[in-house]
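K.L.:
Take a look at the letters that make up each chain.
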Amino acid sequence: MKKIPFTKKQMEDLAEKYPTPFYIYEEAAIREAARKLIGSFSWDKGFKEYFAVKATPNPSIMTILKDEGCGTDCSSLPELLLSERTGITGEDIMFTSNDTPAEEFRKAHELGAIINLDDINHIAYLEKHAGLPPILSFRYNPGPSRQGNQIIGNPVEAKFGMTREQILDSYAIAKEKGVERFGLHTMVVSNELRTDYFIETARMLFDLAGEIREKTGAELEFINLGGGLGIPYKPEQSEVDLAAISDGIRRLYEEAVNSNKMSKVKLFMECGRYITGPHGYLVSTVRHVKDTYKRYIGLDACMANLMRPGMYGAYHHITVLGKENAPNDVECDVVGSLCENNDKFAINRQLPKINPGDIVVLHDAGAHGHAMGFNYNGKLRSAEFLLTPNGSFRMIRRAETADDYFTTLNFTK
Amino acid sequence: MKKIKLEGAITAIVTPFKKDGALDIDALKRLLKYQLSGGINGIVVCGSTGEAATLNDEEYARAVKCAVEEIGGKIPVIAGAGSNNTQRAIELSRIAQEQGVDGLLHVTPYYNKPTPNGLVAHFKAIAEAVPLPIIIYNVPGRTGSNVPPVMILRIAKEVPAVVAVKEASGSINQIGAIIENAPKGFVVLSGDDALTLPAMILGAKGCISVVANESPKLFSALCQEALKGEWHTARVLHFKLLRLMDVNFVESNPIPVKAALSMMGFIEDVLRLPLVALENKNRPEVERCLKELGLIKRKNGKN
Chain A
1335 MKKIPFTKKQ MEDLAEKYPT PFYIYEEAAI REAARKLIGS FSWDKGFKEY FAVKATPNPS
1395 IMTILKDEGC GTDCSSLPEL LLSERTGITG EDIMFTSNDT PAEEFRKAHE LGAIINLDDI
1455 NHIAYLEKHA GLPPILSFRY NPGPSRQGNQ IIGNPVEAKF GMTREQILDS YAIAKEKGVE
1515 RFGLHTMVVS NELRTDYFIE TARMLFDLAG EIREKTGAEL EFINLGGGLG IPYKPEQSEV
1575 DLAAISDGIR RLYEEAVNSN KMSKVKLFME CGRYITGPHG YLVSTVRHVK DTYKRYIGLD
1635 ACMANLMRPG MYGAYHHITV LGKENAPNDV ECDVVGSLCE NNDKFAINRQ LPKINPGDIV
1695 VLHDAGAHGH AMGFNYNGKL RSAEFLLTPN GSFRMIRRAE TADDYFTTLN FTK
Chain B
611 MKKIKLEGAI TAIVTPFKKD GALDIDALKR LLKYQLSGGI NGIVVCGSTG EAATLNDEEY
671 ARAVKCAVEE IGGKIPVIAG AGSNNTQRAI ELSRIAQEQG VDGLLHVTPY YNKPTPNGLV
731 AHFKAIAEAV PLPIIIYNVP GRTGSNVPPV MILRIAKEVP AVVAVKEASG SINQIGAIIE
791 NAPKGFVVLS GDDALTLPAM ILGAKGCISV VANESPKLFS ALCQEALKGE WHTARVLHFK
851 LLRLMDVNFV ESNPIPVKAA LSMMGFIEDV LRLPLVALEN KNRPEVERCL KELGLIKRKN
911 GKN
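Heads up: the protein sequence lines correspond to chains A and B, in order.
In this text, residue positions in the first sequence follow my numbering: the first is 1335, and each later residue adds one.
In this text, residue positions in the second sequence follow my numbering: the first is 611, and each later residue adds one.
Just so you know, the hints here were simulated from the structure itself, not pulled from any lab data.
Please read all numbers here as calculations on a predicted model, not as lab measurements.
Among the hints, erroneous ones may be present.
What the hints assert, rightly or not - Below are the BS3-like pairs computed for lysine-lysine, each with C-alpha atoms no more than 25 Å apart in a straight line:
1. B/Lys675 x B/Lys628
2. A/Lys1351 x B/Lys643
3. B/Lys838 x A/Lys1400
Excised from the complex, chain B in its bound form (with noise of 0.2 Å):
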């Protein structure tokens, strides 16, 4: 199975739609040549801030293909492959492994209500279909349902291709919890912006991230302070990020994320139904924290 170094900070990138909904791959480009010169250390790409789920296969093909080849190997790709039917997240994943991902993130099924030992057969499942590491994404707030730190040890003491897990729950508890007693080598990532820090002074490796949409540079930056244990310096770039961290879930995440993209210029502000754009009342907020940062310029003479 391929080894994938899974430490710092890794941008769960947004899906970008053309004006006509049409995927948006010029855009993507854009993106994740940002990414790269912002010195990020991973992508997560047609993840929940990639809108997956409103991708149909051939979308999904051509926009994991095309993180593959902008990346080109300088850092790992992960392809959101996340699915209630335990045989379409087995569909998805052959689709992403044909496209050459390093390794896959999978959401723990929502709506079924699976048992301790479903969960543990559907992971099984994955990794016995699709040799790839895999990172288990735990979203209570998202899938309606947390799975507890016992559950994600079990499954990652029976199933190896398991290798890390996104921690969403927002539970700081339950975060320490899981790296006190995670088998050895297991990576344990923040799955919220803000509480970054905080997990990684517990020893988590770093992030899935939604602000390094915005701020590859600055995230990066954090994550890599954090595993120097310069906390400090952390400190003061977490505070840097925090309103913008906060913004960004102003309304559902990618709305006010692809809100700020396109204030940078870089994607048309477009979502696919049930989501749509972002709210009028919010978005001088998120002009506000973006001119704070220096990632759009003030006007200049106008106004």
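This is chain A alone, in the form it adopts within the complex (with noise of 0.2 Å):
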């Protein structure tokens, strides 16, 4: 059975005044996964977390992690606006975006972040448009090297990041430029728990870091492993082995510093699901229960709320308040309310016998959930609350109403 910190009496007075559906973040869990994240790199004096603000873009969330040493891996030009006005600024900034436009470029050299480049001719786009800052890091994509997973796909397939040839190229580049300090970046997997994966990406950055001080004489000062951390959505599923991991990294790092194929490089990594996902919950009432073909459980949440299931056939567990213990006896479809049918939060799952009034919690909803919301067919995007240590909860962001919705139409004839 999943774990919830909360009871159906507080969902019940919480939603009497603010409607459901809506998020609920637990503060103390996301700071215990922050602090385990970074202890298990305490080997590495220079270990950074750049939180990956996509994953719960909200400066609650946000600030909660920048108290526990987190800097902020931004992708765009509003999550870069994010950081700053979290007071989040310089090289706790990790820029790393794909097919980026100059302005997004400009604030974050205006930042100071550290900007990763995602291409080789970004190298001239940054200089043209922003100017050249003096540290640059540069996206690796190992190709058909590497594996990689069902989120992120091949490699090969993989729009992000540069080729072997490409990426050294770019440091020699840069340094004629008079870039002066380097990092080297990678991202191949998401949402994995396997802790290979992650041992061999460092021993793969390890090797490159090796050849780029052969081939440019560019020395790196960090290394970022990227994220990918996943998380069990399945109760049947345990959570990633970190201490494994770490020392499987550690063991690699220090071969390959005593071999003298880098130098005690710091190691960066930006993870967001690992996070904020498990402690994260979306919370929905039961509208209407439909027999057809199948039964359907039709919830006041639907796919703009948590796109997951719908994009990715992704797994939510789901419990039922106040039927925690009952049998899961009644095979349904849980559904929304879009005009689509993949919006199904569950297909053919056991459940408890399901009523209309019925609150539901769709669990491990905190990365990825809310911040992949949309608005087709006018669903507007819920509240999110903060359930504090002190057990209150607190609104970090209000629900949309129909008039944020149509703030950007023109209705005059």
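Mind docking these for me? Both chains are given alone in their own frames, and the hints should help you get the complex.
P.N.:
Below, the structure written as structure tokens:
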């Protein structure tokens, strides 16, 4: 059974004031996750986690993580602006984007962020539109030498990053143009639970670091291992083994340093899901129960509130509050109200008998949940609440109103 | 003198009447239970929302007593005891005191047009006669004369029993001026539901409210969020309640709120003359607001 840090009564009280659906994030657990990640790399004094803002772009969450010593991994102008407004600037921001517009480079440069380039041609583009900063990082795509996974896909088919030849050339070009400090980045997998993947990524990057030093003379200051740490969405899955990952990386790191492949570079990560994913919950009320060729449970939340099941076929565990111990003996599809048949949170799921008015909790919605929300069918985005360590619920985003949704429209004749 | 904690949402409770016009104590009890379960922070009984002007002494005493007993000390009970006859104001205050209230709400004397010295003397006389904390009620819309901030502050200074003002002038400037210059511990309460949030941003501690009759839960949540400085949330609640706050004044208060409470099944929709029940044309809007807030059920299956 998956844990829930609030009671049915608390949700009923909250829903009376602020209608469902809404998101709840547990502050204490988010802090704990950040501490666990940073703590497991304590052998590297320079280790830093850059929280992937795209996972949960809310200043209250970002402030909590700033407090835990995290920087931000930004991928767009609004994410840069959010960081700035949360008081996160300079090299506490790493800007990794692709198909990047000039204004985003300009803002990243203005903030003093570490800019991570996705393509060799971006060196000239950045220089032209924003000027070259003293520190640059490049994103590596290993191509056929690595396998990737379901979400990111086969590296050869992935649009991100540069080939080995390009990345080596990039360091040489940047060095010639006067850039003095360098970083290296990759992101091969997403939501990965297997230890080996992360250790193999580190091995690949440490080897590449040696080649960069050898062929271009550029000395890396940091290596960003990317994110991709998975979380156990299904109850039978177990947590990623951080200690084993850290241990494996440490051995390779020491080997690389001792064999003089690279200096004692700082290691960075940019996890989002690992930090907030399991600690966010989408709370929704059952509107209708419909029996046709199947049984459908209709929620007041829909795919516009949580896109992952519809988009990736992702599993999100569902708990019916007050029926935690009832037998899961009714097979049903749990659906939203979008006019799209992939608007299903669960298909053929065994759940307790559900009635209209029941409150259901969709687990592990803390990352890429609200963040991926959209407005199709005129669906409005929900509120977000922070469950604070003192047990109160703080509204950290209000629900959208129809007026918010119409605000960009021109109604004049 | 009794201490009184004036903070948050204080409901100016209506006085329910039976169909024949008699005081309906059972209905009053129902309302008070609903208020307590909604987390309200205080009750004003027999204020202008409570049609006190139409109650005789015996009814007044019974209503006040009912409130004191039903609330049982959990939150402050304040009795409206105002009059433009100082002697009468003292009599009402004594009756309220005998029933065990925690404080008195005194409207500034209307009609007689007292001078500043007369105003001070009025409150001084009440304070000397009845040792209870007093809230001044400034409501120019009813009294016909505004008591300016300097005068409120002068009364506060010269009559220590006056611990608070219920400001219903509708002027946010005036509310700000009182708060800015108020002696330590002097409490400003909004007397307008819709001005509660702006007043609390300036430092008011809460509101003596009409809309809390209908939704004690939401209105007390609004005040609590504002007291915590959670303006973002308070704004959400403000806008959620705004339409109902406005509708409550579509006719003279408490006409709409009594109609609403009767739709909610708490009371009969009976007022005492010269007030009469809500006009039919205004009923659908009241009903719509209550439905929107889930305060009355939408008809299922019917119609």
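K.L.:
Evaluate each hint against the coordinates.
P.N.:
Hints, verified against the model:
no. : hint                 : verdict
1   : B/Lys675 x B/Lys628  : holds (18 Å)
2   : A/Lys1351 x B/Lys643 : holds (19 Å)
3   : B/Lys838 x A/Lys1400 : holds (23 Å)
Checked against the numbered hints above, the structure breaks none of them.
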